[in-house]
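Chains as they are written, first to last, in UniProt numbering: chain A, 1 to 500; chain B, 1 to 500.
Source of the hints: derived by calculation from the structure; they are not laboratory data.
One or more hints might be untrue.
Claimed, not checked - Straight-line C-alpha distance at most 25 Å; calculated PhoX-like pairs for lysine-lysine:
(1) B/496 <-> A/450
(2) B/314 <-> A/211
(3) B/240 <-> A/496
(4) A/496 <-> B/450
(5) B/337 <-> A/211
(6) B/314 <-> A/212
(7) A/240 <-> B/240
(8) B/211 <-> A/212
(9) B/314 <-> B/410
(10) A/211 <-> B/212
(11) B/212 <-> A/314
(12) B/496 <-> A/240
(13) A/452 <-> B/496
(14) A/337 <-> A/380
(15) B/452 <-> A/496
(16) B/380 <-> B/337
(17) A/314 <-> B/211
So the chains spell out like this:
Protein chains: 2
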Amino acid sequence: MTKEEVQGATEEEQQAQSKKALKKQQKEAEKAAKKAEKQAKMASEQQSAEEDDFAKDRYGVSAMVQSQQKLGKQCFLVLRQQQFNVQALVAVGDRASKQMVKFAANITKESIVDVEAIVRKVEQKIESCSQQDVELHVERIFVISQAEPRLPLQLEDAVRPDGEGEEEGRATVNQDTRLDNRVIDLRTTTSQAVFRLQSGVCQLFRDTLTKKGFVEIQTPKIISAASEGGANVFTVSYFKTSAFLAQSPQLYKQMCICADFDKVFCVGPVFRAEDSNTHRHLTEFVGLDIEMAFNYHYHEVIDSITDTMVQIFKGLRDNFQTEIQTVNKQFPSEPFKFLEPTLRLEYTEAVAMLREAGVEMGDEDDLSTPNEKLLGRLVKEKYDTDFYVLDKYPLAVRPFYTMPDPSNPKYSNSYDMFMRGEEILSGAQRVHDAQLLTERAIHHQIDLEKIKAYIDSFRYGAPPHGGGGIGLERVCMLYLGLHNVRQTSMFPRDPKRLTP
Amino acid sequence: MTKEEVQGATEEEQQAQSKKALKKQQKEAEKAAKKAEKQAKMASEQQSAEEDDFAKDRYGVSAMVQSQQKLGKQCFLVLRQQQFNVQALVAVGDRASKQMVKFAANITKESIVDVEAIVRKVEQKIESCSQQDVELHVERIFVISQAEPRLPLQLEDAVRPDGEGEEEGRATVNQDTRLDNRVIDLRTTTSQAVFRLQSGVCQLFRDTLTKKGFVEIQTPKIISAASEGGANVFTVSYFKTSAFLAQSPQLYKQMCICADFDKVFCVGPVFRAEDSNTHRHLTEFVGLDIEMAFNYHYHEVIDSITDTMVQIFKGLRDNFQTEIQTVNKQFPSEPFKFLEPTLRLEYTEAVAMLREAGVEMGDEDDLSTPNEKLLGRLVKEKYDTDFYVLDKYPLAVRPFYTMPDPSNPKYSNSYDMFMRGEEILSGAQRVHDAQLLTERAIHHQIDLEKIKAYIDSFRYGAPPHGGGGIGLERVCMLYLGLHNVRQTSMFPRDPKRLTP
Numbered sequence: 001m002t003k004e005e006v007q008g009a010t011e012e013e014q015q016a017q018s019k020k021a022l023k024k025q026q027k028e029a030e031k032a033a034k035k036a037e038k039q040a041k042m043a044s045e046q047q048s049a050e051e052d053d054f055a056k057d058r059y060g061v062s063a064m065v066q067s068q069q070k071l072g073k074q075c076f077l078v079l080r081q082q083q084f085n086v087q088a089l090v091a092v093g094d095r096a097s098k099q100m101v102k103f104a105a106n107i108t109k110e111s112i113v114d115v116e117a118i119v120r121k122v123e124q125k126i127e128s129c130s131q132q133d134v135e136l137h138v139e140r141i142f143v144i145s146q147a148e149p150r151l152p153l154q155l156e157d158a159v160r161p162d163g164e165g166e167e168e169g170r171a172t173v174n175q176d177t178r179l180d181n182r183v184i185d186l187r188t189t190t191s192q193a194v195f196r197l198q199s200g201v202c203q204l205f206r207d208t209l210t211k212k213g214f215v216e217i218q219t220p221k222i223i224s225a226a227s228e229g230g231a232n233v234f235t236v237s238y239f240k241t242s243a244f245l246a247q248s249p250q251l252y253k254q255m256c257i258c259a260d261f262d263k264v265f266c267v268g269p270v271f272r273a274e275d276s277n278t279h280r281h282l283t284e285f286v287g288l289d290i291e292m293a294f295n296y297h298y299h300e301v302i303d304s305i306t307d308t309m310v311q312i313f314k315g316l317r318d319n320f321q322t323e324i325q326t327v328n329k330q331f332p333s334e335p336f337k338f339l340e341p342t343l344r345l346e347y348t349e350a351v352a353m354l355r356e357a358g359v360e361m362g363d364e365d366d367l368s369t370p371n372e373k374l375l376g377r378l379v380k381e382k383y384d385t386d387f388y389v390l391d392k393y394p395l396a397v398r399p400f401y402t403m404p405d406p407s408n409p410k411y412s413n414s415y416d417m418f419m420r421g422e423e424i425l426s427g428a429q430r431v432h433d434a435q436l437l438t439e440r441a442i443h444h445q446i447d448l449e450k451i452k453a454y455i456d457s458f459r460y461g462a463p464p465h466g467g468g469g470i471g472l473e474r475v476c477m478l479y480l481g482l483h484n485v486r487q488t489s490m491f492p493r494d495p496k497r498l499t500p
Numbered sequence: 001m002t003k004e005e006v007q008g009a010t011e012e013e014q015q016a017q018s019k020k021a022l023k024k025q026q027k028e029a030e031k032a033a034k035k036a037e038k039q040a041k042m043a044s045e046q047q048s049a050e051e052d053d054f055a056k057d058r059y060g061v062s063a064m065v066q067s068q069q070k071l072g073k074q075c076f077l078v079l080r081q082q083q084f085n086v087q088a089l090v091a092v093g094d095r096a097s098k099q100m101v102k103f104a105a106n107i108t109k110e111s112i113v114d115v116e117a118i119v120r121k122v123e124q125k126i127e128s129c130s131q132q133d134v135e136l137h138v139e140r141i142f143v144i145s146q147a148e149p150r151l152p153l154q155l156e157d158a159v160r161p162d163g164e165g166e167e168e169g170r171a172t173v174n175q176d177t178r179l180d181n182r183v184i185d186l187r188t189t190t191s192q193a194v195f196r197l198q199s200g201v202c203q204l205f206r207d208t209l210t211k212k213g214f215v216e217i218q219t220p221k222i223i224s225a226a227s228e229g230g231a232n233v234f235t236v237s238y239f240k241t242s243a244f245l246a247q248s249p250q251l252y253k254q255m256c257i258c259a260d261f262d263k264v265f266c267v268g269p270v271f272r273a274e275d276s277n278t279h280r281h282l283t284e285f286v287g288l289d290i291e292m293a294f295n296y297h298y299h300e301v302i303d304s305i306t307d308t309m310v311q312i313f314k315g316l317r318d319n320f321q322t323e324i325q326t327v328n329k330q331f332p333s334e335p336f337k338f339l340e341p342t343l344r345l346e347y348t349e350a351v352a353m354l355r356e357a358g359v360e361m362g363d364e365d366d367l368s369t370p371n372e373k374l375l376g377r378l379v380k381e382k383y384d385t386d387f388y389v390l391d392k393y394p395l396a397v398r399p400f401y402t403m404p405d406p407s408n409p410k411y412s413n414s415y416d417m418f419m420r421g422e423e424i425l426s427g428a429q430r431v432h433d434a435q436l437l438t439e440r441a442i443h444h445q446i447d448l449e450k451i452k453a454y455i456d457s458f459r460y461g462a463p464p465h466g467g468g469g470i471g472l473e474r475v476c477m478l479y480l481g482l483h484n485v486r487q488t489s490m491f492p493r494d495p496k497r498l499t500p
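Kindly produce the complete structure, drawing on both the sequences and the hints.
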């Protein structure tokens, strides 16, 4: 447990405390007592020659403060473990001396302590703690790791809602300070909740797909050629030559489909050397990628992906309410809404809705970010959902490997998916015919020599297939109604940030 | 399904065939018949002006061969889907014409076909197929994707056991040919089994740890500084500066422990710019990484990791017998043996065993690869296990952040784990005290400026912790008794290979 402040442990701890209390802790207590005794002895002797341990001054409990300074008869501490905290009381009595109270009061914030205590119900709710109905009456307390007295940021500032900080003139912590001191910022209840939920998204994604018969694959990140002509790609020195970092696992997913894996997914980093300094761009993020063969229509792919997303949303709603509410305390947002089955709109319908709202745009123009957001609001008003699919994008705005729409050559069998008006997935039916792929590449003026291996993958039997890639950090950000993707990346990378 | 050869579908297919036969397939059949009719019409008209589909010559079924050449009354095909294959018969009768038999016989190998057929029991087992008791009597057959007639390698050669090839003078396929044509090589029953089992290893790893309360984390792969001085690290151009590819997620795992995540794991690529051209080195591989805080002794960490490995071994044994036996057909090996609890030997015991076997080595010398293998054989003889832990490595052969053994400064709280005599994991208790860490870094002559951020992570409260990293490809290779890590990497990267 981490000492949070001087003035009051989790459900788990409480259970652990009461269950183990008699057996294990007596043993521990004896051990600890012996250790403390030894430590005190060593401190007084300066050097214990009989103990050949060069590291003895660097671990174990701190020696107790022995001075006789007068102090109060009790002190309160707040002990924190992950998302939870609890008030603890050290009071002079049978089990604690004045010196012990003083020692406890002097433990630096964020130090890690082992505590043995009795859990007692309290009369009045402790509003400042997550465990409001109990407090710990401390009988033993040992410092396991002492924090330096001066912290780069205060945790209570780091969890304060922005509005509250401004109104009451209290400090909040800006994003760069947070990210520069991420080890401490990640200790906030908000960060703990965000990244536990993120772990849940990955698990729900994989479990859903595994149940659907998908196979997990591992694709290489160092690649020999940039498949789409080399823009926005990081270069790596590779022995005597150079290579690139994969912008997506797409080629490899497709090769797996051509290799008869039928349905595959992968979870891994993707790299974009794009000099975009926005709230939603990272140079390295985690891709949740899907690719599958289908029988008759690429809508089979859309249905698989949307159902996977719906399973994720349901799993989060049903199993991560603690985390969602913890985040909402600092960053309030509306609960995330979704429909079953998922709403699917065609691009032409979206353009019509936008025009009706006063936007001027051509049939084959791509959606700008503000227009995507506006469309999200219009869709929410009309259909009451925060999640939908936009299908049949204009062929001109999609990559060369996108299958054209057989009934209208201006459009394509491609789609984006949106959460709260922001894109989280881009996908399509891929061209699985080498000849058509060659023609499409020529049309896009792509050097055929550079994509020969890609095209050749489709020469030895390739089933019709499609897929898409989901940005993990965006899904978490938008599900939680946060406003910056750096909040949902543990150690974000952008054009200006490479550390920690 | 893929057509494998001319002369003879999976359990799933059979079930599907019989279940859907009446309803769905009638519909499909009608659809397909209409499609085929249309196609034939289009082929004769050359250009159907009323259909505005520029891609019409590139998808759909091939037009039937219409010539009247004489042919046999039946032909056998082998149809393959993933790990399974089945014999199919096209015979002249009510449902098939002579032309149709000829068409079927002329379908190029590895083409993808849709087949409608009756499943019939056969009198005599079909030894050459995985589905030995049935064959398919084909009523409709459509080519979905036609393979080029000349294949870069033959699948029957690619699954032939090495010995058999040599003895009978039949072709086998060498590794570079396989890897150069990986899309086809991955279609072999052996490859399908290997990578389905690999998917299982990842799933078992995560599920076991999730049950133990571990949180999955995502760590950055682009990093600003090479933590151990910059050897064997790939350099990346990063906008106007340069960066490195992470050799392991260790620093980030440790930061998460310091950030109070208690127990974390991650699965992701790790990069080693090591010019090692051996059977077990890759420049990019998948790390299964664990890090956890502990209470009293780093053996808590060892126990968590070994139990995770045991759960993986059990899961593979219980749920992946088909895959294991498929691989064994081509690459025979002894079943993998393990003990519960896992055998843990101390380094000094290992040195004693090796010396007894005639090896000359000093107490603090590291183990060479041949000595590791020899030790594996000695341990197998003595303890009958293919999996064990070697604990308490000499401090001198371990990285600077390794916690020294408190009772003997020549040794350390560190360990490796071995499968069939080869290392699959390296791990340790880490130094969690900034001062001791600084001293150890100075001892190793590491530039303190370069690791300042790392050391500072431990200044604000850091619990005792340890962990380790497992190489996914090695685990799969050694579990299956394979002899080259490239067999268990879908798209392997080594100093000489960057493609496909």
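Where does the structure disagree with the numbered hints, that is, which hint numbers, in rising order?
-> As far as the earlier hints go, 5 and 9 are violated by this structure, in ascending order.
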